Each structure stands twice: as C-alpha cells, then as structure tokens.
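Undergrad: Below are the chains, spelled out letter by letter.
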Amino acid sequence: MTGYAELHCLSNFSFQRGASSALELFERARAHGYRALAITDECTLAGIVRAWQAARQTGVPLIVGSEMRVEAGPKLVLLAENLIGYQNLCRLVTVARRRAPKGEYRLQRSDFDESLTGLLALWIPEQQPDAEMGRWLKQHFADRLWLSVELHRGPDDARRLDQLLALAESLDIPAVATGDVHMHARGRRALQDTMTAIRHHCTVADAGQHLFPNGERHLRSPPVLSELYPAALLAETLRIAERCTFDLGQLRYQYPRELVPEGQTAASWLRTLTEEGMCWRWPEGAPDKVLQQIETELELITEMHYESYFLTVHDIVRFARSRHILCQGRGSAANSAVCFALGITEIDPSRMNMLFERFISRERNEPPDIDVDFEHDRREEVIQYVFNRYGRRRAALTAVASSYRGAGAIRDVAKALGLPPDQISALADCCGKWSSKVPSGERLREAGFDPANPVLHRVLTLTGELVGFPRHLSQHPGGFVISEQPLETLVPVENAAMDDRTIIQWDKDDLDAVGLLKVDILALGMLSALRRAFDLLRLHRGRDLTLATIPAEDKATYEMISRADTVGVFQIESRAQMAMLPRLKPRTFYDLVIEVAIVRPGPIVGDMVHPYLRRRNGEEPVTYPSEALRQVFERTLGVPLFQEQVMELAIVAAGYTPGEADQLRRSMAAWKRLGGLEPHQKRLTEGMLARGYTREFAERIFEQIKGFGNYGFPESHAASFALLTYASCWLKCHEPAAFICALINSWPMGFYSPDQLLQDARRHDIETFPVDARNSEWDCTLEPGRGGELAIRLGLRMVRGFREEDAQRITCARANKVFSDTTDLIQRCRLDNRARELLADAGALRGLAGHRHKARWAVAGVEPQLPLFAGQPATEEKGIVLPLPQVDEDIHADYATTGTTLGPHPLSLLRRQLKNRRCRSSKELKKMEHGRPVVVAGLVTGRQKPSTASGVIFVTLEDEYGMINVVVWHDLGERQRRELVGSRLMQVKGRLETEKGVIHVIAHHLTDLTPMLDGLDVRSRDFH
Amino acid sequence: MRWACILFPQLALDAVLRTRADSDAPLVLLSGPTQRRVLQTMNSAARELGLRPGQSLTAAQAITNTFAMAEYDPAEIERWHQFLAAWAYRFSSHVSLHYPRAVLMEVQSSYSLFGPWPRFESLLRKELTELGFQHRIVVAPNAAAARALVNCHDGLAVDEAQLQKMLAQHPVDRLGLERSAAIAFSRMGIRNLEQILRLPRDSIARRFSKEVLMHIDTLLGARQLALACYAPPDYFDSRIELNFEVESHQALLFPLRRLTADLAAYLAGRDSGVQRFTLHMEHRDREDTLLPIGLLNTEREATMLFELVRGRLEQVQLPEPVLALRLIARDLPVFVPERRELFSERAHQSLPWEQLRERLRARLGDDAVTGLHIQADHRPERAWQTSNEIAQVASPTNQRLRPAWLLDEPVISEFAGSQILAGPERIESGWWDGGDIRRDYYLLRTQSGQLAWAYRPVGDSGPLMLHGWFA
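As given, the protein sequences belong to chains A and B, one line each in that order. Our numbering numbers the first residue of the first sequence as 1 and each following residue consecutively. Our numbering numbers the first residue of the second sequence as 1025 and each following residue consecutively.
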C-alpha cells in the first residue's frame, strides 16, 4: 500500500457528533502514517484553527474542508485546494449559516451557482444513490468531483462497493475511499453514541437507529483499509491530498484603512493624533521624560506595523467621548504614553513611576492587547457605532466556544443514560459550579451515590471524556474583529443568539494563532456611576471633573481608604479588601495598584500576601535573591505579585527567552484546565540552579506560579482598575452625596444594595429625603439639605415595580403646576391602579394625602374623570377614621416597597431586647479589647464561602451602627447549618479579634433570632 | 341549615404520609421544574430541621440531608379530595368540594342518623384520624362562614346569633376575600371585619370590586352561596352472597354468570368496556381469594366475559369454601367496537382472532400468548421484544437483512462446506445496559441449502455461533 489520506473526518467541533478532538485525531493519524488528514466539520470552520495547530504539532498536513448537506440535494464534503477555494468555502458556510437561526444552516442548490473555484467536492451518496445528484454536482464541479466510497462493515460491503463503482463509472466520476470518521479510535464508540443521544434529546437506549451499528467510523489502520478497499481507491486519496495546498498561514489580515486621511500614512497620522493629544493632555508642554517615552513607543509601533490598531481603538474611544460615554482602556498596550495622549486611557504616565514591560514585545511579536471598558448601560451605542462604521461584513464579534464543564457534562451524560431528573440534579450538584473535574468518589458517596455502581461508573467515565469538549458557539461579550476586506474571506460568519449580532466562527485564541486583531469593547458599571457623579457635580457644584483631572494623590482620600471606609467604591469594597486596607494603609497610587492585585485568589493561594505585608510594615527585611532580581521585584518589595514579574523572573533567573516567558504565562493561565506546567517546572528549576539560586527558592517560586494559576493578575490591568478605584474613593471622600446618589442610580452593580449604601451615607451624616411624588424624579437626585450641604432625595426608581414612564409623566406634569391633591396627581398623570397603589404604599403621597393608610384609601377612591365634571372636586367623604401606622408597620412597609427605610433601623427597635440578651452593637465592639468573649446580633446581609479558605464561611451582620464581620469555621458551620443558612437575624456568641483596626468575631455558637423580625423584608446577598 | 367545613390543612402531605410506615420522619414535597426544585410543603419533623415552604431544594440541602422527598402531585391531591368527598357522602347528601383542600357538608339533616353535633363531630374526627387525615372542623349557619372561620378555629360551632360576633374579630386576610382586596384593606390599616363594617358601604363600593361586598354579605348570611353538589363516582362493584358454603367450581358458575351479565349490562349502559377487573371470593376465616383478570383489549360482551373468568377460575385452588362472590371493575375505558366489513369474508366456523387469542390465553395461561414489538436496537436479540400488549406492529425501519427465526440462545455450530454469501457485518452496540456485543455476522448457505445467520466475536478466530435461520 502506498499510503492513505483521510478526506472525510469530523472533529468535536461538529457539535454532538464528532467524539474526538483535532489533536487526538492528528496524533492517531500520525501513528497510522496517514499522509494527510482533512477536518471536515459540518458546515463550520470553528475548529479549523485548532486542527491547524494540531497539524503543525504532529507534522501531518491538514486539509481544510467541510461536510454539508444541500437542501433537496446531495450530501457532500468540500475541500479547499487553495486560498481562493478557502475563501469560497468561507462564503458558502457564511451564506448557509446566516440564512438559518443560530446553530443551524441552510445550504441551497442556488448557492452553487456562484464561483466554486478552488473547491474539490466529494459526493457522499445515500444508501440508494440518486444519479441525478451526481449529474448536478458534475455540472458544477466538473473534474473536481469524486464519489466517496465509505465502507463500514455493513450488511454487505462487497455489494455496496460494486454498486458505487458501477455508479461512478456510469457517471464518469472517479471514486475515492473515505472514512466518515467520527472519532480517533474505536474506544470512543460509547461517547459517540452518547453524543448522538444528546443531539436527539433522547436516551441511548431509545436512540435506536440514530446510533451507528458499530464503531468503524474511526481512523482505521492502513492494513485494515487495504482489506476493505481496492488499492486504486486508496491511491486516489493521495492524489486529492496532493492537490490541496492551502494552509491557514496564507491568510493575510488587513486593518481597516479608512481611518487614515488622504495624503497621510498610518504612521504619520498616528503621530499627528498623538501630538494633538499631547497638547490636550499637557497644555503647558509634556515633561521631557514623557516626550522621550512617546518617541520610543511610536518607533516600536511603527516597527511592528501596529499603527492601524491604535488608530482603530482611538476612533472608537473618540466616538464614545463625543457622546459623553465614559471609557477607559486597559491591557498591556493601554498603559502607554501614546494611549494616554490618544485618550484611550486616563493614567498620566508622568504621575506613575511604573515600568510597562509588556507594552509591546519586540521579540515576541505578540499582538498588542487593549480592552476598553465603557459605561455599562451605554456600551450598546458603541457596539452599534462599530457595526455602522465598518459595516456588518467587515466587523463582527468573536465567538466563544463554550466547552463542557463537569456539571454540564454529567447532566447531559446522565440524561442520555436515562437517569431520573432528581438524580441528574444531585449528580450535577456534586460537581462544583465551574469545576471541570469529575466528582470524587467521596463526594458522590456523601450525596448518596455508589461510585461502584456500573451505571454510575459509565456516567463518570463518559463525563470524563466529554469534559472540555466544545458544546456550542456563543458570543464573546465584546471582542470585535474589524477588517479591511469582508470578514467572510477570512473566516465564516454566523448569526448570534441576539438579534442584529453576527459572530465569526473563531474564538480569541484562534484569532491570536492566525494573527487577527481584536478590540474588546467591555462594560463596567462603575464607569456609569462615575459619569453620573461627574454629571451631578457639574450641575450642583459647577465643577467639571474627568478621570484624568481628579486631584491626584490626595491625602484625605488615602486616609479614608486606610480606615477601610470604602463601602461602594471600586474593587476595594469587598470584605476581604476592607480587611486588608488597614494593614496595607495605601499612601500612593502604586499602593492602590498593589491593593487591587493582592486580594485575589492567586496571591492568596501562592502565599504572597503575608510576606508582602510584613515587609511593608518593616517586620521583615526586604531581601532579594539576587541583584538581578532586585530590578524585577523592587516595586513589590521582593514578593512576586504580578504576571509580568513572573515572566521577567523566568527571563532573568532561569534564562527564558521573552517568547518562552510568554508561553509560561499562557501555561499559567491554563494549567488547571489542561495541565502542562511540568516541563516548565523542570526548565525553571534547572535554569535557576544553573544561575546560582537555591533549589528551595526555585521550588517556592514554582509553587507561587502554580498558585497564580487562572487568577494571576497583570500589573497593567491592576493599574487601570486602580485608577477607577482612586477616582471613586476621591468622590466618596469629597463628594459623598453625589457619589452615593450616582451609585444608586447605576444599581445593580458592586457589592452593596442601595439600602446598605444609604445606611453608609447616613453614618457619614448625609441627609436623605424620602420618595415623594411632589419632589422625586425617576433617579435619585441631590437637593440642598437642612444644614446647607447636599442631601439625597430618593427617586421613584426606588419604588419596587414602579415604571419609568409613569415617573416621567409625574415629572412633566409637576413642571407645569404643582399637584393640589391625590386626585389631581392621578388624573393629570393618568396613573393606573398599580402605579397609584405603589405610590401610596411607598409613602410617596405623604405630602398630598397623609400617612400610608390614608394615602391608600385616597387613591382607591379616585374615580375616572368624566369630561362633564372636569375640574370639579370629587365628592367629600366624611367621618372616616383609619388607624395610624405603627413604627414597625412603617418599617415593614418601607422595606417591602423601597427596600430601605429612612426611619429607625430595625435593630434599633430591637435593641432593648437584644441588650437583654447581652448583645453588643457594632459600635461597642470598636471599644472592646482583643480576645474578649462577646455576643453580637445583626441582620444577615452576606454569607460568603471563599474558594481560597477551606470551608470557612464569612458572615456579615448589619446593625444600626454598621457591619460586624463574623468568621464561622467549617465544623461549627456543619453543626449549625440550619442557623447559618436559615437566619435572617442572627445572634453570634464568640470571641472578638481585633488587629490593626480590623474587627472579627470568631463564632462559637449561632442562634436564629429571625422570629423577632416578623416578616421584615431583608434580603441577604449570598455568594457561593 | 348547619354547614360543617372540614379543612385538610396538609392534604397533599397526608396523602403521601399514609403510604409511609415512618410517618414521623422528615418529609418534604417538591414541585417546580428539575432545574429549580422548590419545597412545596413539609411535615412538622422537616420543619423542625429548619426547612420552609418556598425554599429551593438546593438551599434545603445546604441545611440538612436527612429528609425524604416526594413529588407534590396536584392530580393525586384531587383524587384524595374526591375520596374525602365520597367518604363525607356517607354522612350527608349535601356535600360540596367548592373550596380546595376542604369538604363542605350540610349536617343538620343528618343529626337524626348520627346524633347531635358534638357526637356527630367526634364520629367524623375518629374516622378521619383513622384514615390518616389531619383536619379542622367548624360548623356555621352558612357554608362561606364555616369556611372562613375554619381558617382560625377548630371545633367551633356557631349559630346565627353568635355568627356576627365571631366574624367581627376575624382577621381581614383570613376572611376569604380576593387577595388583592385583602391586601388593599390591610394597607389601609384595616385589620378585621368589624373595621370594614364600620366604613360606609358606598365608600367601600367605590373602592372595591362588587365581589367584596357580596362576599361579606354571604359570610353574614344575607346572601346565598351557590354550591355545586358532589355526585359519587361510577364504577362497578357488585356482590352476591351465596346461600351455602360452596366448595366446587361448578357451583360458582351460576352466580358468576349473573355477575358478569350485570357487569356487561352496566358497561353497555354507560357505553364503556372493561380491561381489568377482579373477582373476590370471600371466605369465613381468611382473606378473600382474588382473581384478577386482565384483558388485552377492552371487552363487554357477556358471554365472553363469563368464558374468560370461567377459564381462569378453573385453574384456581380454593383454600376454603366460598361464602360470597364480589366483582369489582374500576377501570372502565371507552369501548371501541371492532369494525366489521359489510361482506365478511370470514368463514362462519372460524373464531374471530380476538376470541381465539383470549381463548388461547385462558387455556394456556397469560404468558403463552404475547405480542411482538419491533425495538430500535442494533443488537439482533433486542431488535424485537415480546410484550403483553398487542400493539400495531410497525414494519422494521432498518433495511438490514435479518432472519425471521432468531434462536433464543446462539449455539456453536459447524458450518463445514458452507458458503459465505455476505459479511462480515459488524455490530458493536449495547454498552449502556451492560449487554455490549461486538460481533461479525455472516450470511451462510449451508451444505443442505439453508440460509443461516451466524457470527463470531470481533477479533476472535473460533467457531461461528449460529444465531438464526432465514425462511
């Protein structure tokens, strides 16, 4: 036998059909000595980049193709002979996909009337072949058509072969052997059957004839193939393979050109824009250092031909700015002086003494990476701008190939094996939410399963195989690909689930591999809040602030941060962050960068937090393993905190090249999922030993790298985030009313509910006025308080279920004439029953109708206005006495209708009872010393089980003075699960721990005091 | 008139608990889609554990794992509601299921039979307790008032004079008003009926739907509540007591013929058929001997029913003399008569297929006659299956060559001199139920010219296994 090339083979990107990954297929093809392997996923090229990578890894040439079924026509496989053929294939796939809903395709006969140059066709005949199909194909493909003979040890292969050879001869089409491969080896038969059942939404037992009768659709060895096929048919595969010379490496991507005006080059235009930006950023002239940096950067950009990329991002940001949409870039390239001048980022390079090592690496040829965050609720405007500017054929979102995780896989497999729904759910619960692992035997036994049971064994084995397989394509949140040529000449485009969205069939990693550039247009709630705060300041203070012009390095702001007085600000508002702040005591912007990065699973797991703190507080000397590493670690006191530092470390201490260091970065991000850090362990250790570092040091470094895992935070991102942190802190410190007001109007976002934000505001002596139909707008607003300072007026948006249109009508009608009474309000604003009842119950009619009970009575009595009696006062009702609401009734109603109360805090009403139970308030705790036994009580506002702390649960209690942090160790949590999970008002007996201003109560016993609340609507926010 | 309202506060739960031996163990009933199971209700033992209605199952399991679960099944609840009505019907001819989870019955007219109220009441309570249903009972002059009062009371009996006073203090949200009205009243600070009655009637009329005042009038007895009366269900249950102790089958045939005839008449009357029924043979000192009879199709012809029972009765060993016969048929599906051609080609002597089938079954036993099913499975031995139901036999969808006679067990065979006509056809399937096969099948012509179907396990070089013969 001369050799064989498989020309019809599906990978797992033919979702729920292909049961092997491209790499598995290529490795097996190499083992069998195949001369080439075509990946022909069904009407998709979503898996082709991975196949290309696998081909390069194994040295087996890839043929790019696709299997498709023509409506009222034949089934065929198309193979790309050359670049033109590839482009035609992309076009066909795009046409067929765009015509159908997401996940489906419709290929029509007329689609073949367009150019098919460069495409080879293999006709896959039916059981009873229709010669007419052959003739039709022959018309379109002429001598580029073959008849596929696929023999799978069916009932009578010999007869089938004869039948097809006769057909080929009669139509004058050459025949070729192909395998209709669905898996790399026979061992995937069970998985393939399972996927078939999943695809048909039935159990394997019921799948019947949907299943293949045997496992022959794998990559068969040459001897086996020789046994089945005549040599001529096998030889024909090689002739076809030789013709297919297309390689994905031939794709050339071009940036959009229209951003450069006539008579300019991209480089000169970028320079012009940068210089204009410098005049805007530094009206008195930029400092020399900056000038120099900009020169260096521009040089590098030109050298790498990245001008168009920067121009593209600049154009998007410029648009946002023109619409007053707040945005900020981040990522390695974003933190450059050029980006600051272009307005892409707001971090003044002269303000920070920071090295941006990863700006763009000359050696690595790594594409620049800029993510731009936009205001959460206005990002859609930016996305539509991009679509309009470049047209839908040249701009599309990137895809995300969602893959099976443990829970999803086990769910699908268990269903296909016919397990009952309750058991399926219980099994899925055994997998962590995001875990890609098959649950352990112990975990299963805990949940009442017997891992030795054969059915369960099958479920687990198949789940293990399925995990990591792609299951469908979805839309990336904001990754755009923009190209000069129509995208469909590069990659097929298909419909996304959302209307008016199209996605390309490749995901982010595929793009990197092929050298396509993407711009991430992301959404950030804090940007909305900051913009609203800036708007409020412009209105009430006449002060026009931006992210870049907020006074830098403000002492009062850092003092506030060091007190952990950070409810509501960006990033450092979580409980873990707040616990860190008094220890770290940030004093400079770079301290904030560290603060943002340090309280993350990566540094925590890698045990970097405590060494850093000790060194910072002078409790431990700052040392460096070598003078060379001092350069790398000086800014973080010798402790590796950032991804960039790990890469530099590998270069400096272990002799990595920058390219290899980048590999290390990628492996770090993926090792939990894919493994593959071992080669680096050896390489790093040996490299460090060779350069005179101790083995112990090398091992510790490696452990830290592993700890970084998925969570390693790049310094460049931390810097961009820290700027938002600083801006939000400055606002909270100097303009708290505007800040809180803006936060509430941007809600939902962040960590705290409007109720918690308002309580925090009141603790800072900011006056708050209730919702009132006479004064409130839809949003919360600012108005002068009694003390002259700005106070917050709650908006109608606080009234749960109230509609914005109704609020707008109220504001409009009020602008004409103030409301004389409830009837006037209801009639002029045309409020329906629901709206008026909501206003009455929320207490928003207190100025027009009196207390809630009266208001509800009044609104119920307003009758539709008859034209005849317009303007006439309604008939008076006399002698009706309704009971006055009690204080606790008011609190109940406040919480039920607006989720907050401006009256007394519920716990202040219970304080006497709680005193009797010897409960201390959060205020009293501050004056007590460390180690004292203590009893506290509060509303449970949060229960958190961090993945980094084994089994510990952090409970946050709230009372009228503030928050109390409770630590519940694993054992107690297990013993008192009911109290822990079920309490809304909880009493905790325990021990007080105070350290550097951080107060915790270590719980010894929990008591559920919920009955004392009696129906109070306090919603705990649980984070699991 | 005196109306008793019996409220079953945990009807769904009781329906499940009465089937469980350990009725004190924590039990919850679940509802909602699989992705979001919610605790619908639970017994007090489960409540003790901290479980609450409305909790998600995930949340409940975060608290504890030590509770049993069952499905909250509205159809089952409805069935028990009907059952309780049938029970109540024994005590009163005026029974109504007007309210969910409650049975209304007019009791005054039954005092003469069951005694005056407290005695009557304790009789009801005793039976309900024995049946395993938690309950609350209130008697009032009208049904609506009884239903409202049972929300807050148990064992209360009020007459016209006391009614208004009892209702006045009744909380507004327990009055049985529409939910929106009850909420509206409470939001106006109105807590009980007395406060409502103090408001001007036209002020209420202006603010609430007219049903509110109508309901209040009904409660106070100023309006009549229209009640749909409960009618007992229909099923066949007939018993014939024998005049002497019968030991021979022969002597049972006469009463049996009457019972089957009655059944046939009854079936004809309501235009239904029967597919399953039970013949009870009652003895003096031991439990009834039961003779369940299941048919392949619905039938209602008297002779045939009789023949069927007789065929099976003859096979029964009577452990003791029989005192009475009782025939119960609950499963009474609609009867579909067989179609007859106008010009029947069937010879008069031959039995119709259905009768032949039934006779064969009666004589040879149920297991001897079975239906045949095509099963979509690649494994030949699973590709068809026998079953007790006779279904429309679909023609096999796959066009593979399969022998009509498949051996029960493949046997090792010598095929010396045989000729391979086709194959190997490889079949690898069935891993999911532990019955995985991997075989290469061959179509062979034996020396004697028969067409055989035989296989050899994949990768095996041993002898062929004969699996079937082609006709």
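Simulated from the structure, these hints should not be mistaken for lab results. Please note that the accuracy of each hint is not assured.
[As the list claims (entries may be wrong)] With the Cβ distance kept under 7 Å, some of the chain A side facing chain B (calculated, not the full set):
#	residue
1	Leu151
2	Arg153
3	Gly187
4	Ala190
5	Pro213
6	Gly215
7	Gln423
8	Ser425
9	Asp450
10	Ala452
11	His853
12	Arg856
13	Asp971
Since this is a predicted model, take the numbers as computed values, not measurements. Where is the CB? At the ideal position from N, CA and C, for every residue including glycine.
Undergrad: Compare the structure with each hint and give your call.
TA: Now for the hints, and whether the structure bears them out:
no. : hint   : result
1   : Leu151 : violated (11 Å)
2   : Arg153 : holds (4 Å)
3   : Gly187 : violated (11 Å)
4   : Ala190 : holds (5 Å)
5   : Pro213 : holds (5 Å)
6   : Gly215 : holds (5 Å)
7   : Gln423 : violated (10 Å)
8   : Ser425 : holds (6 Å)
9   : Asp450 : violated (15 Å)
10  : Ala452 : violated (14 Å)
11  : His853 : holds (4 Å)
12  : Arg856 : holds (4 Å)
13  : Asp971 : violated (16 Å)
When each numbered hint is compared with the structure, violations occur for hints 1, 3, 7, 9, 10, 13.
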